[in-house]
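Enquirer: Starting from the known structure of chain A, fit chain B onto it as the hints suggest.
As they're listed, the protein sequences go chains A and B. Mapping to the numbering used here: the first sequence position 111 is 111, numbers consecutive. Counting from 1 along the second sequence, just add 421 to a position and that's the residue number in the numbering used here.
Just so you know, the hints here were simulated from the structure itself, not pulled from any lab data. Here the structure is a predicted model, which is why all the values come from computation and not from measurement. Where is the CB? At the ideal position from N, CA and C, for every residue including glycine. Careful, some of the hints might be misleading.
[What the hints assert, rightly or not] Sample of chain A residues facing chain B (criterion: CB under 7 Å; computed from the structure):
#	residue
1	244
2	251
3	257
[Stated by the list, open to error] Within a straight-line C-alpha distance of at most 35 Å, the following computed DSBU-like cross-link-like pairs (lysine-lysine) qualify:
#	chain 1	residue 1	chain 2	residue 2
4	B	673	B	507
5	B	653	B	633
6	B	621	B	653
7	B	701	A	10
8	A	229	B	701
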Amino acid sequence: MSGHPTYVPKSAAARWLESRLPILGLLHSSFVVFPNPRNLNYWWTFGGILSFMLAAQIVTGVVLAMHYTPDARLAFASIEHIMRDVNYGWLFRYMHANGASMFFLALYIHMFRGLYYGSYKAPREVLWLLGVVIFLLSIATAFLGYVLPWGQMSFWGATVITSLFSAIPFVGDYVTTWLWGGYAVDSATLNRFFALHYLLPFMIAGVVVLHIWALHVPGSNNPAGIEPKSGKDTLPFHPYFTVKDGFALACFLIFYGWFVFYVPNYLGDADNYIEANPLQTPVHIVPEWYYLPFYAILRSIPSKIGGAAAMFSAVLIIAFLPWLDTSRVKSAAYRPLYRIFFWIFVACALLLGYVGSQPPEGGYVLAARLLTIYYFVHFLVILPLLGLIERPQPLPATIADSVLGPQAQVLPAKATQMPGQ
Amino acid sequence: MSHCSLFGRALGLAILLASAASTGSAFAAGASETPSGAQGPHALAIDIPARQVWSFAGPFGKYDPAQLQRGLKVYREVCSNCHSLKMVAFRDLMSPDGPNLTEAEARAIAEAYKIKDGPNDAGEMFERPGRLSDYFPWAFPNEQTARAAFGAVPPDMSLLAKARTYERGFPLFLLDPFIQYQERGVDYIYALLTGYTNDKDPNWDEYFPGHKIAMPNPLSDGAVDYADGAPKTVQQYAKDISAFLMWAAEPKLVERKRIGFRVLVYLAVFAALLYLVKRKIWARLHNGASEAHRAQPPA
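Okay, chain A solo, but in the shape it has when bound (with noise of 0.2 Å):
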């Protein structure tokens, strides 16, 4: 599906860059001419939102890195010298911290896109897999980064999800020594982390690339879940979705804005602009929001290897997907069944991340066990048996026809739905 090398050089310096390098011509297949489904609706622009997020936050971390001290007795000190002394820092700050939540936001937007449409099937595994591998990088990315402001939350979240290694049998403690590079979270612990937290985003950036390449062989899923046949079912990258993913972008940075210059502390700690102190343990310690689902997961089982191994399998769970989901039909809005089981399974998530916000006693605890066994049921058993007993609806002949109605061959002039919308 990689669109043919049209590209025509037109300037001599360009000609001159071609010859010796086609980066030009491969820019120009994948970005201009690049066939896209027709029906690609507004949750299909979450990717490009995802890559302007990494981008910012690449570029607001770099100059945050520039006035951050990672130094145990130095780093929260330094924080409030961007907030208060640095010219714009409060910005750049506030502005990388929230980043985090969007990034995420999206991010799990575009996954339960991809969730619904059934984007993860044949062809397209190996896409799904490197969007895994991006997740869990991220998901690194923002746990490192958020211990950097040596809040109590960072240094109390750090101590906890540190010490999870610890579970691991004979060999844990040893582990969780060597990653702390002590006997506590400290300074040694500290340096590291930002050393990583500066590290991953570029490892992001590379496996975005490889992500974006294994997209452009078979070429983007699409709300009806069949492949492109003609060019009738393909509309070129630019101008057509170059424009809806930046007017999706500038809505997203809206949303984005609002909650950096009106709201900045929403999501976060109240308890992260107290200074680390490793003689007092918070009352709570709650994780991000992003992670909650997860952390509830993490709570409900009464053991400490169980728990953390519930956990990862969670997440890890997600790369399995192309092989536990048995239908042959990718998108959702031909599976009658797996439709209502998705809305319960995006109720599970939500569900799982209230009740990972909340203290781990009385209802709560029982609310957390028995959404940890639906999550994992959504995925062992409803995907594998859902494809063996549901009956999909017909599917269309084509794209065009799915958006345009088979009428609109005989009749192009007349469309009888907005294509996109």
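Expert: Just chain B now, kept in the frame of chain A:
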């Protein structure tokens, strides 16, 4: 099915949460959590702080310099006897978005403090009057002295307004970002300072988790003399010091909201234009055959 009963459970929980809240304030209803989360069945019921009116709330919020100057006076005459304010420099008091003191006024305040400096050429530490570039010094030489005096270290006040909060609970917490409620910290501090309602016990507070607070009631009517005619009441002192602490914790709030409005207006116009361009470009597909159609031989 298990998920149906689960949904019911969650719904029941939410209703329980909402009904457990026992307060007249419409804004505060819906949270049953204690202010900073004292937990367990033995935790005493804690009142939910009421929302106050603040000049710095909302999209066009600004600090009131007169209020910050009064709050500064309360800090200097009451709070600073125990609490530090180590991240605020005397030069910050000149901020036009903040207390807006003149340079002479800020300098006079700085010079009222003795700052330990040195060593000098003879290798001796010495004390000198404060300068604009100095930070508010603490009344205690170190944490141990404070702990020995009080049994606990009084927290630094620089970030207190952002480091304190109370639970809003479901579903209010989902609403807060959209109604721009970012004053939970100051609402809590105000409630705490006016919450010493037990005449027999100066360490009993209506809003403190567990009610027993190490800080005895710090304010009393008439304790601080206001020159601008504002009422010399505990309520007014509490209001002013809370506002001052918000400024201390978030000195760039006014600049942030000012820039934010411009950025959002710009983005809104930009998004609207992009939408119109998008509609125009995609409309080509309705006007007969598209480019893509034309590129294809007829089926």
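Enquirer: Please go over all the hints and tell whether each is borne out by the structure.
Expert: Cross-check of the supplied hints:
With a cut of 7 Å, the hint placing residue 244 (chain A) at the interface with chain B holds, because the nearest CB-to-CB distance is about 6 Å. The criterion of a C-beta within 7 Å of any C-beta in chain B is met by residue 251 (chain A), whose closest approach is roughly 5 Å, and the hint holds. Interface hint status for residue 257 (chain A): upheld, as the beta-carbon distance to the closest one in chain B is roughly 5 Å, under 7 Å. Among the hinted pairs, residue 673 (chain B) with residue 507 (chain B) is consistent with the structure: their alpha-carbon atoms are about 17 Å apart, no more than 35 Å.
Taking the CA atoms of residue 653 (chain B) and residue 633 (chain B), the gap is about 27 Å. The hint holds against a cut of 35 Å. As the CA atoms of residue 621 (chain B) and residue 653 (chain B) are separated by approximately 23 Å, the hinted pair is consistent with the 35 Å bound. A distance of roughly 27 Å separates the Cα atoms of residue 701 (chain B) and residue 10 (chain A); the hinted pair therefore holds under the 35 Å criterion. Restraint check for residue 229 (chain A) and residue 701 (chain B): the C-alpha separation of about 26 Å stays at or below 35 Å, so the hint holds.
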